[in-house]
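*Asks:* Input sequences plus hints: build the corresponding full structure.
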Amino acid sequence: MKKSICAIVGLTFVLGACEDAAGPEGDQLSRAEALQLAAQVMASSEGAATGSVTMSGSSSAPEGAGPPVNFTQTHESTHPCPAGGELTVQFVLSGTVDEDTNSLQADLDGSHVHSNCAFPQNGLTVSVDGAPAIEFSASIGAVEGVPSQPFTFTLDGALRWEASDGRSGVCPLELDAVTDFSEQRRTVQGSVCGHTVNDELTWS
0 MKKSICAIVG LTFVLGACED AAGPEGDQLS RAEALQLAAQ VMASSEGAAT GSVTMSGSSS
60 APEGAGPPVN FTQTHESTHP CPAGGELTVQ FVLSGTVDED TNSLQADLDG SHVHSNCAFP
120 QNGLTVSVDG APAIEFSASI GAVEGVPSQP FTFTLDGALR WEASDGRSGV CPLELDAVTD
180 FSEQRRTVQG SVCGHTVNDE LTWS
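Numbered according to numbering that gives the first Met the number 0, the sequence shown spans residues 0 to 203.
Calculated directly from the structure, the hints in this document are not laboratory data.
Beta carbons are placed, not taken as given, at the ideal position from N, Cα and C, and that holds for glycine.
Just so you know, not all the hints are guaranteed correct.
[Claimed, not checked] Here are the computed distance ranges between Cβ atoms for each label pair:
{"id": "1", "residue 1": "146", "residue 2": "108", "range": "15 to 23 angstroms"}
{"id": "2", "residue 1": "106", "residue 2": "169", "range": "40 to 48 angstroms"}
{"id": "3", "residue 1": "66", "residue 2": "182", "range": "26 to 34 angstroms"}
{"id": "4", "residue 1": "165", "residue 2": "144", "range": "51 to 59 angstroms"}
*Replies:* Written out as structure tokens, the structure is:
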């Protein structure tokens, strides 16, 4: 089950092909700064979620093979940020697992809140706080160990940021990512700090 959890919360964004859009409140981050900050924020959240060994709450999925069972697992933890401050991660993972057929259907809903969470960036330090939080959700399914549906991920929220050069503002984040394994294509659409994201990755 831990591998399934890591597969869902281990989210890596491919952010690119951005065009300028209406700016957020306060000072604005450049496109490069915004994407770098978003990547740092998501990397810290991914590491906090997948690096946690203890799951708080309970799971209804028993050990060993057997008929399909429903499960629910909850997680909450606080982690230090790279240059000071902290990040609090919460999520609930629920779904159905069938170990006889190596099948899984799961949904993830959660949030992460940054508290004066600081990141080094091109000679500066950028500190972010939740405004009030970033919420995320994901869905995945597999049959016989093979994805049976597109992997979907959404993120919505905002960060209040302050750079060591005196700039500050609010950075809205709204992203929708869909990975279609059968079509071997991943799309990421939305906006980061007032910059539009419209990216597509294909593979063969």
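*Asks:* All hints, please: hold or fail.
*Replies:* Tested hints:
1. 146 x 108: 15 to 23 angstroms: holds (20 angstroms)
2. 106 x 169: 40 to 48 angstroms: For residue 169 against residue 106, whose Cβ atoms are near 29 angstroms apart, the range 40 to 48 angstroms is violated.
3. 66 x 182: 26 to 34 angstroms: holds (32 angstroms)
4. 165 x 144: 51 to 59 angstroms: holds (52 angstroms)
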